[in-house]
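Asks: Protein chains in written order, with the numbering used here: chain A, 1 to 114; chain B, 1 to 112.
Note that these hints are calculated values from the structure, not bench results.
The C-beta atom is built at its ideal place from N, Cα and C for all residues, glycine as well.
Each hint should be verified, as a subset may be incorrect.
Pair by pair, the computed Cβ-Cβ distance ranges are [said to hold, decoys possible]: (1) Ala86(A) x Tyr39(B): 14 to 24 Å; (2) Val83(B) x Arg9(A): 22 to 32 Å; (3) Gly16(B) x Asn63(A): 41 to 51 Å; (4) Leu27(A) x Tyr39(B): 12 to 22 Å.
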Amino acid sequence: DAMVIQNPRYQVTQFGKPVTLSCSQTLNHNVMYWYQQKSSQAPKLLFHYYDKDFNNEADTPDNFQSRRPNTSFCFLDIRSPGLGDAAMYLCATSPEGLPGQPQHFGDGTRLSIL
Amino acid sequence: AQSVAQPEDQVNVAEGNPLTVKCTYSVSGNPYLFWYVQYPNRGLQFLLKYITGDNLVKGSYGFEAEFNKSQTSFHLKKPSALVSDSALYFCAVRDGADKLIFGTGTRLQVFP
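Given only the sequences and the hints, what does the whole structure look like? Please build it.
Replies: Structure follows, in structure tokens:
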């Protein structure tokens, strides 16, 4: 089945140690999103891509970076994780320019900071 | 600006009873509305959407939602709740071409 896959499902890192989360999709969607979700709150959009065109949200900290080397893969890099970055990180995709189409989410990576 | 509100943090219902999870919206123009469900340690799963047409929208797992333009509401409903429906539910509205604005979420607890 076509889907959005996030690896790893659980990630533990040390305070200040860079970490990379990955997302892949088989839906061939042009738009990919990264969300941060804390303790059952609403997902918070960090950034999204139209193909390789990167769009950062105004309040996304500089500590968060992203790469999208091709249509299928997208990475979230946290350069110096702080305790406040412990959260669930969700990747999602959607076809571009079709507002009636839902976003498709992966199962997330739960990040813990020691 | 587009927004959605979910006035209830938690809804409790007995198994077999009907359930309603409330959502109201504020948009300029025609709304594109969505409901998602999230089970523990999982991503968001799409349940149903309203784009245009019939005000009663049917979705996955027996859920449906009623779009009410005069009340600017899009409440999620199910005639008979299951314990397995216990989860976190998010209402969302499309913002621009490709972004979603989520409500704060409602935790549904179905008791046996």
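Asks: Are the hints correct? Go through all of them and say.
Replies: Now the hints, each set against the structure:
no. : hint                            : result
1   : Ala86(A) x Tyr39(B): 14 to 24 Å : holds, 20 Å
2   : Val83(B) x Arg9(A): 22 to 32 Å  : holds, 25 Å
3   : Gly16(B) x Asn63(A): 41 to 51 Å : holds, 48 Å
4   : Leu27(A) x Tyr39(B): 12 to 22 Å : holds, 21 Å
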